[in-house]
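Asker: This is what each chain is made of:
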Amino acid sequence: MANDTTYLSEIHEIRVDENSPLFDKTGLLYKEFPSDYRQIRYFTLLIVQSAPLEIKEINLLEQQISEVIKNAVKHGNQCKPEKKVRVWYSFDSSHAQLIVQDEGEGFKDLEKWNEFNRKRLEILSKQDYEGLADYVSFRTQKSDDNDGGNALFAALEYWNGGFVYNNKRNAVAMLKKFPQKKHAIG
Amino acid sequence: MTVSSFTLMLESAWPARLLGLAIAASLFAYLRRKDTEGQFSLYLSALAFLLVRDTVRALLPLGGLMLVSDILHYCFALFIFMYPYKASRFVLFPALILNLALASLFAADRALGFLGSLPERVVALALPVNAVLIGLAAFLRRKEGGGRQIPGMIWPYAAALLAAYGASVVVLGYASPVIERLAVPLSYAWLVMAALAALELHDRQLLSAVAYYEGSIDSLYNVLLGTGSALKGEFTTEELLKSMNEAIAAETGADGGVIFLVDEFDDLIVCKSYVGSYPPPVTLPESLPRKQNRVETYMKHIQFRLGEGIFGDVAKTGRNVFIPDVAKDPRIAINGEEDFLRISSFMAAPLMVGDKIIGLVSVIRKDPANPFEEADFDRLKLLANFGTLSVSSFFSYLEARERSGLEQSADIAADIQRSIIPKKVPQFPGLGLGAFSLPARGVSGDYFDVIQTRPDRVVCIVGDVAGKGVSAALIMVMIRAILHLVTNTNKDIATVLNWVNKGITGKIDLDHYATLAVIAADTRTGEVEYANAAHQPVLVFRRSTGAVETLDLKSLPIGVERATEYGRKALRLAPGDVVVMYTDGIVEAMNEQGKQYGRKGLSQVVEKNRDLAAKEIAAKIKGDLAAFVGSVRQHDDQTVVVLKMSQ
Numbered sequence: 005m006a007n008d009t010t011y012l013s014e015i016h017e018i019r020v021d022e023n024s025p026l027f028d029k030t031g032l033l034y035k036e037f038p039s040d041y042r043q044i045r046y047f048t049l050l051i052v053q054s055a056p057l058e059i060k061e062i063n064l065l066e067q068q069i070s071e072v073i074k075n076a077v078k079h080g081n082q083c084k085p086e087k088k089v090r091v092w093y094s095f096d097s098s099h100a101q102l103i104v105q106d107e108g109e110g111f112k113d114l115e116k117w118n119e120f121n122r123k124r125l126e127i128l129s130k131q132d133y134e135g136l137a138d139y140v141s142f143r144t145q146k147s148d149d150n151d152g153g154n155a156l157f158a159a160l161e162y163w164n165g166g167f168v169y170n171n172k173r174n175a176v177a178m179l180k181k182f183p184q185k186k187h188a189i190g
Numbered sequence: 002m003t004v005s006s007f008t009l010m011l012e013s014a015w016p017a018r019l020l021g022l023a024i025a026a027s028l029f030a031y032l033r034r035k036d037t038e039g040q041f042s043l044y045l046s047a048l049a050f051l052l053v054r055d056t057v058r059a060l061l062p063l064g065g066l067m068l069v070s071d072i073l074h075y076c077f078a079l080f081i082f083m084y085p086y087k088a089s090r091f092v093l094f095p096a097l098i099l100n101l102a103l104a105s106l107f108a109a110d111r112a113l114g115f116l117g118s119l120p121e122r123v124v125a126l127a128l129p130v131n132a133v134l135i136g137l138a139a140f141l142r143r144k145e146g147g148g149r150q151i152p153g154m155i156w157p158y159a160a161a162l163l164a165a166y167g168a169s170v171v172v173l174g175y176a177s178p179v180i181e182r183l184a185v186p187l188s189y190a191w192l193v194m195a196a197l198a199a200l201e202l203h204d205r206q207l208l209s210a211v212a213y214y215e216g217s218i219d220s221l222y223n224v225l226l227g228t229g230s231a232l233k234g235e236f237t238t239e240e241l242l243k244s245m246n247e248a249i250a251a252e253t254g255a256d257g258g259v260i261f262l263v264d265e266f267d268d269l270i271v272c273k274s275y276v277g278s279y280p281p282p283v284t285l286p287e288s289l290p291r292k293q294n295r296v297e298t299y300m301k302h303i304q305f306r307l308g309e310g311i312f313g314d315v316a317k318t319g320r321n322v323f324i325p326d327v328a329k330d331p332r333i334a335i336n337g338e339e340d341f342l343r344i345s346s347f348m349a350a351p352l353m354v355g356d357k358i359i360g361l362v363s364v365i366r367k368d369p370a371n372p373f374e375e376a377d378f379d380r381l382k383l384l385a386n387f388g389t390l391s392v393s394s395f396f397s398y399l400e401a402r403e404r405s406g407l408e409q410s411a412d413i414a415a416d417i418q419r420s421i422i423p424k425k426v427p428q429f430p431g432l433g434l435g436a437f438s439l440p441a442r443g444v445s446g447d448y449f450d451v452i453q454t455r456p457d458r459v460v461c462i463v464g465d466v467a468g469k470g471v472s473a474a475l476i477m478v479m480i481r482a483i484l485h486l487v488t489n490t491n492k493d494i495a496t497v498l499n500w501v502n503k504g505i506t507g508k509i510d511l512d513h514y515a516t517l518a519v520i521a522a523d524t525r526t527g528e529v530e531y532a533n534a535a536h537q538p539v540l541v542f543r544r545s546t547g548a549v550e551t552l553d554l555k556s557l558p559i560g561v562e563r564a565t566e567y568g569r570k571a572l573r574l575a576p577g578d579v580v581v582m583y584t585d586g587i588v589e590a591m592n593e594q595g596k597q598y599g600r601k602g603l604s605q606v607v608e609k610n611r612d613l614a615a616k617e618i619a620a621k622i623k624g625d626l627a628a629f630v631g632s633v634r635q636h637d638d639q640t641v642v643v644l645k646m647s648q
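Protein chains in written order, with the working numbering: chain F, 5 to 190; chain Z, 2 to 648.
Everything labelled a hint here was simulated from the structure, so no lab data went into it. The structure displayed is predicted, hence computed values, not measured ones. Glycine included, every Cβ here is placed at the ideal spot set by N, Cα and C. Please note that the accuracy of each hint is not assured.
[What the hints assert, rightly or not] Straight-line alpha carbon distances no greater than 20 Å define the calculated SDA-like cross-link-like pairs of lysine to any residue that follow:
#1 F:K35 with Z:M591
#2 F:K35 with Z:V633
#3 Z:K596 with F:F27
#4 Z:K609 with Z:A548
[What the hints assert, rightly or not] If you want the footprint, here are the derived chain F segments under chain Z, 3+ residues with CB under 8 Å:
#5 41-47
#6 53-59
If we strip away everything but chain Z, and leave its shape as in the complex, we get (with noise of 0.2 Å):
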């Protein structure tokens, strides 16, 4: 290219229309990310082709160039206008047709000039009937739904444009300065409109976009609402998916509203809530009666396994599901024609919790003229998800409300069991005593006392009341009550445990076995009586052969037979003799590598420990115990009493 014929192309109108032509193409580019329907690209490439068809003027000018350009130039025009109209398509390819030939014709005359020379007005009448071939069909189309679209709302103006441009084309001749400067700029018009209409729709669309969440944000504030009310009030899950089942029906519009819930245990959907008018979308069993409220019952009954039917399917895959004519979907039955058994519009969602699906909710219309429309359908789905928070939430407050229950009672259970153990042990000049008890949490089953019955007579019991949380601790009472009541007597010691089984067995309607060992010694010849109820055997420590006896009565445990004869030993302990009565946490008590302490753990420590006070030798036991389980969880109970004839 020679500087002239560069300062030349300045000088043309050739920049200006590029200028014209770039601002209208970024506009279009600037939109493109939002172009949901892809017609951007269409639009763009016309603005592309007059981009190149100019420069190329610019640079070549070509004899006939602007006539066959710009018959392409409309058959852009063409397409963009007439093809968004589905009956228009039958015009728009033909005509499309014609103009190619018709192009193709005067381009080949013009370079082999065949036909001599066909006058390029002539030809370029073409221009102004495509012009009016594009008002035609927007305007007889106008109806169907275009408004939406670009074309829709430019089509006047367009193809006055279009129809002006090629009539002036036609009456002046390309050779016209008023077409080079002025009229060609005017044809670039419409896209640059297109550009504008682009930008008011996207404009629209977000008004539309806010004025939707707007309103989804208030039905998702009314269902939140209704089923917060639902909490100030009944408290209970019914009440709860009512109101959160009314909301959404409300909101979505509907008849009338079902929610199910999955039964996890037997894998099946159980229908929990209904609303309004719900008629079954599946098939009724032949014996149920037509009548309205015989279907409304079973409707509000019925029960699905999972992967059954719509529902079943809905809890089982987590799909969304929307019909908005049910007459064209087999998965709906159709029972009957009376208003409380059709419904002509059907949608359904998942209740989910991340990805466990805990229900669903479906609702329905029944007048064929008013169906659901996807945007109620996006409402349904946006209130589903929200809706399930609540009920979740829900959930997890009864769940932490049952097991503050639980705890409330282990905890109450764990006060009593400490109230009733002796906080301090007595002492005697010739027999000591030492314990200890240390409880589990939650099973509060460990019991032990030190009941003197004469200045020189002492009963130790420990025990270990089986059960659970209150029950338990009461049948401790009652049992501490007895023995109390009854230890300070002449018969001998297997005889108040015949007592108190007696008094406890079979009186009251509650889980109560325990298990007692009793000791009772006399302190200053240091005889020794010795009953069990099937309780761990107690270790006797013989301070003459430094060996350990084990002292064992196999029996029934309190509570399993009201008629239970108690058996005893006696025995005589030597000065430095030491009995250790303890239950099975403390020979069961588990160390990391699953070892238990055992007796020969217990044995061992009052071995090593045989010269000191018998206080001292429980506390021993009890550090050696924690040394050996170190920070494993233990399951139950340990206790330990220990008795020492003093040396």
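One chain only, chain F, in its complex shape (with noise of 0.2 Å):
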């Protein structure tokens, strides 16, 4: 991040590409569940609990992972129990990846998001703070006071080595590199 110019070019943005590596699911532990928003939690924690120990405590994997269950749950199948969210999921010391797929008809507003975060960061990187207070939360007619599209701002800065939708957007996969012990001789 020398100037600010490389910055934006490090701008995550949600892709497209159903053919991306992030979608393989060889090996992947699956689990599935109804669309019921009060067990959200709980489902996070039947996945999270098979990550090894030291991915799990020293980071926000667990509140991540709620979120995109949250997502599906409540935009994708709209609290409709009934309906299914799936998950696809794999940890190790150094990675996790997950995929989530719900019965939704997928995320419309792609493609605005990325175009209002791309200006949020470019206001950012201006400190035009001024500016900033028009993209401080993305809406759409479907939003309720709850949402502000904040959650998906934070997942593009967790999920570090990507965040990809299908072509019909209700499956998202998503990958997270952990940094190997930085403090380690040799």
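Make the complex out of the two chains shown on their own, each in a separate frame, by following the hints.
Answerer: As structure tokens, then:
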């Protein structure tokens, strides 16, 4: 991040690419859940408990997974319990990979969101804090008071190995790489 | 060459001179590897020149050769003694030109004779003049630090020797045997002296290197002692960095020091330690009052993006920075003239582990009359290197401690789990039971129990607690306690689940969810009640049809909603029917090909072993599952409870 232009070139955006290697389900564990908003916390715990100790305690893994599942339950499946959320996942000490699929219509406003995020980051890098007021949160007609699209901003930061939708945009694959311990010698 | 001229050569002064020159040359050649200033080749050239001169002279007694070559010999001396003193150079070059011109003129005259025989002894006056010039230049410039070089050490002797030789040539002429046998070899003595001086210098350098390393080792010892005692005390990163910072500032004679660490997540470097007085080398914000304590507080918490400013640059590139005089360097901001605002000398070095930069250390001095020197800079780099090792091992230790804490908590949870799961399941005349539970490292979520509530009624529970470490284990203990308390009731089994749920939900501020499947069986009649809290379906093998049915009830896990009303199902088991309760870890067990064991794998084992007792069926399931997964690490506990009506 030597200067602002390189910073901009590092902007993460949501991509659509069904053929991304992140959608490769080989060797992944699998669980499916009804779209019950009350149980999101529980479903998240079920998934996270297979992660090794070193990655689940020291970071936001659980919170991030919970946000993605929340999106699928709420925006994808409209909290209809008969609709299922399917999750494929795999963890080890250096990575977390997750594919979350819902039965909804797909993330229609993906391009709008990317555009919004691009502008927001541009304003941030210019340190234009007045302009930023208009870009605090992303809202659509379906948004309720609890939505700010902010979870997605954080998700893009967190899932540093990519955050990719399938063509139908009802499944998202993501990868987090964990830095290997920095203090060890040799 | 004839035999007689060879004999003549041997009898001449030539071999002795050659020997003298060769000894000096071999000394220089020996020291050449340690020649840091690149001068030795000059001495070696002079020696080689004289060697050639004497050899030529021994073979061809040319008239005038001695004088011409001696003038050139003195030119070497002029250059060697005057070149190191910058101010002497404007005399040196004209002198060299004059000498060369004189030598050429003399040689030309000897060859062609156009001037009618220039008197040799007059021309030879140039030699003592040169020697005086050398002496004068060296005398005038002797304070210029030449003492650490060969010319500075030997000039009085060399000048005197060369002057004496020149004078004797003028007085006696080259024809004199005194010159031939004594004076010429003596004129070489200055080169031998130079060689000895070189040896002496080399010795001194060695000694000062030893002194330097002794000093470095002392400094290192002090830094390591400081960081070491930090570990004995508070045991915090701040303490450790403070000791390291203090030791480095002391060992470099600095007025103040700071240590920054890289924050990986935000690409920032953050000031973590501040000792002594360290005025800011960066521009202060306009709004900050120029008060000593405000400025110090500002510095103590300052942070930069990687690559930003002089600190950010060190942390990004890993380059050392040495600025003895900050007034001459635009990278250092001058904030004012007050003592707490002004620095005079600045150094910074990265803290590196392998090729990874974990931070940086910087020290400053304030007194412009006493700036940092190269030796201080070397010391800083050395201490930064070794200090980092301490910091790094400390971090590794903290990490290990944290991890061992987590592992300890996981071990405690596993102990609790082990202690509350039944070691042995009871058997009844009409109903056989079998069970196993295999824990996965760091999970400890599976729970099963068999509770006999009446002589002919047994309640089997299989559950899975979602959560972490000890808190999950505590939930398991609570669930078990409630179950043991309430299963002995006349109410139906769904009510038991309702009570468990009410007992757990919203009571304590922990992650606490659990799935539970409950089967209450009449051991005589085979009447069975089933209730479920979001647990895996139960498999029922019917002996009469040979088919496996699944028994399931959609519901919420324990811990989600306090008001949940659980449902129940009733069925009757015929003799030989088998019920299998299990957890996620069984059906989701994965083999090397990424295939799950599934309900199918489970059903097949039951069908195949329909004739065996419940206990043996459980053992068969365990064996089959182990064969299926092979060496693949399992992510979840695996638990099975088997009930079988006697045939």
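Asker: It remains to establish, for every hint, whether it holds in the given structure.
Answerer: A quick look at each hint next to the structure:
1. Restraint check: the Cα-Cα separation between K35 (chain F) and M591 (chain Z) comes to about 13 Å, which is no more than 20 Å; the hinted pair holds.
2. For the suggested pair K35 (chain F) and V633 (chain Z), the alpha carbons sit about 19 Å apart, so the restraint of at most 20 Å is met.
3. A threshold of 20 Å between alpha carbons decides the hint, and for K596 (chain Z) with F27 (chain F) the separation of about 17 Å falls inside it, so the pair holds.
4. Distance hint between K609 (chain Z) and A548 (chain Z) is fulfilled; the C-alpha atoms sit about 11 Å from each other, no more than 20 Å.
5. Counting residues of the segment 41-47 of chain F whose CB lies closer than 8 Å to any CB of chain Z gives 4, which reaches the minimum of 3, so the coverage claim holds.
6. With 5 residues having a beta carbon nearer than 8 Å to a beta carbon of chain Z, the segment 53-59 of chain F meets the requirement of three or more and the stated coverage holds.
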